[in-house]
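From first to last, the protein sequence lines stand for chains A and B. Its first residue numbered 1, the first sequence is counted upward by one per residue in the working numbering. Its first residue numbered 1, the second sequence is counted upward by one per residue in the working numbering.
One or more of the hints may lead you astray.
[Stated by the list, open to error] Heads up, incomplete: computed chain A residues facing chain B, CB under 8 angstroms, no partners named:
1) L84
2) K88
3) D137
Note that these hints are calculated values from the structure, not bench results. Model, not experiment: these values are computed from the prediction. Heads up, the beta-carbon is just placed ideally off N, CA and C, and yes, glycines get one too.
There are 2 protein chains.
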Amino acid sequence: MITRSLQPENQETPTQFIETDLIPSHLFYRRNHFSYPTLSAANYWIPLNGSVNTPTLFSMQDILQLPSKTINVVLECAGNKRSLFEPKVFGEQWGKGAISQGAWKGVPLRALLELAGIKDGAKEVVFEGYDFGKRTDLDRVYTFTRSLPIAKALHPDTIIAYEYNHQPIPFKHGFPLRLIVPQWYAMASVKWIKQITVINQSFKGPYQSIDYVYYPHKETNEDARPVTTMNVNSTIQKPLDRDILDTGKHLIKGIAWTGKGTITKVEVSTDNGQTWSNVKVNKGDNKGYKWVSWSHVWVIAEKGEYRIMSKATDSFNRVQPLTPLWNRKGYGYNAVDEIMVKVE
Amino acid sequence: MITRSLQPENQETPTQFIETDLIPSHLFYRRNHFSYPTLSAANYWIPLNGSVNTPTLFSMQDILQLPSKTINVVLECAGNKRSLFEPKVFGEQWGKGAISQGAWKGVPLRALLELAGIKDGAKEVVFEGYDFGKRTDLDRVYTFTRSLPIAKALHPDTIIAYEYNHQPIPFKHGFPLRLIVPQWYAMASVKWIKQITVINQSFKGPYQSIDYVYYPHKETNEDARPVTTMNVNSTIQKPLDRDILDTGKHLIKGIAWTGKGTITKVEVSTDNGQTWSNVKVNKGDNKGYKWVSWSHVWVIAEKGEYRIMSKATDSFNRVQPLTPLWNRKGYGYNAVDEIMVKVE
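This is chain A alone, in the form it adopts within the complex (with noise of 0.2 angstroms):
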């Protein structure tokens, strides 16, 4: 892991090391805006309350017997990356790591809007964790709170979840329980939920109209609109980045994932972006909300410094761009990938 900060605690997953696809949650990412809530499983309820014909409170128990599924999902925060923003921007300093990929098991939050039934004009559901502190901006406490649009809400794949691999939660990741948003960045996948509340207008929040906001413009909020699916990407695993290399044969390694869709193309090219070629694409990962691997073998016989670039597209044809969407607070990252070596 690679730490970023301490209080609160932020680490990176060492993605580049991990060949596994289902990540370990000792190896999972942690990013956090507070200290570690302390909350009781002994006497763990949650309300699900606002603007529903039934508000209802919601036991442990009542979750784990209503029918569940398993989604294997990306997690990407949406400051992964950022450090490589130029100019650069102030916040977390994430490298290529704020990224992580495992077996979630929990019931649709579809279930339990049903049970206690949707008014009509219901227009989000809004998520509060347990974890709470003060902003820097603003003179007060605030708990860590996200909405989705009532049809996000709905969607069969949004869960409540209870499991990471197989296992209770870990604390760390939100145990007894975590939004798991697909395809959405992680900050909406808020952990430790408290409650659950529908809303008929727009939820105004700072993690959500302040934070979590793509502002184009360095001095204006103009332009601003919200963070929500993750931008297609992908990350070369191998090489590693300023690598000494001998002539021969190298493998070029990395994975791939889009908050649209499906990976359809990875290309990459090895002269400077002036050549491409599609790569090899492990398409048994292609399903759920995984990354997919890819590699390509690289011959080398020519001595000399070496661009390496990833180029991801997905199935709504969106592609990496060469130059990455600069915005202020640092979200969403995704340029084409690019690492530089020397062969010798």
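Position chain B against the provided structure of chain A, taking the given hints into account.
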């Protein structure tokens, strides 16, 4: 620990988060050229041969029975902070954590050399480690082998160490015996010592004549000179780079160290280097070969972006420069340390 590579294992100490001045071995940075060697401590002998009157085989028992000393030493990889060079250079992209500090106990090398008797005309002492492997640039297997000039070899604080922080040296850090060369960059402190040889000429192995050489020019080897003593240097531990802070009082803290004499002054600037303040240095640290801790209370009322810089001076009047000495292999980075923070 921050992983830079796994084969061989290269990991950084999370220096920014460390409060103690004796770094526990599991947090000690790891820098290897090769895979870990296999060797048997049960049947471990060190030959001391070459230009000596009595070539001698020392057993562990022999070494443990000689008078010992314990010294507190900063060990810094010559490539520490390499990733900060502009233009970027190839090799392990170390951040600011390829540095550590602890208590090493062992026998002065001098005692062994005196027992064997150095012949007239001896110029250097060569240390061969058990670790070996192929280089990318030469078509042969090499052990990691380095030499010291005879004067440094005879320095009473150059020791053959067998304990780290009052425990046997952990295997990854050179068990059972490791050379410790205070004040030099840590490539000199050869791990897993296999043999010691006194020679009458200059040693020319690749880890001395190709690597660990400052090459100030990109294309030629002109003005090359060997990497030896550590440059005067400092690192800001807190705040973290690109942190977002509120207005008010903040502690700026860090460490400073040098390979010549002691640290005499640490200055901090919070206004882009226009003005500098002498900061509080923990004088208790300034003995042996330790780093010093320093801190400064910063009261900031005005919102904005701030560049925080630290600059150390040693007792030989060496001062951290504003611009590092760029060199092709990226050694000895010691420019004034700097971070950016945003106050909101």
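Each hint tested on the structure:
no., hint, result
1, L84, "violated, 13 angstroms"
2, K88, "holds, 7 angstroms"
3, D137, "holds, 5 angstroms"
The structure does not agree with numbered hint 1 stated previously, though it agrees with all others.
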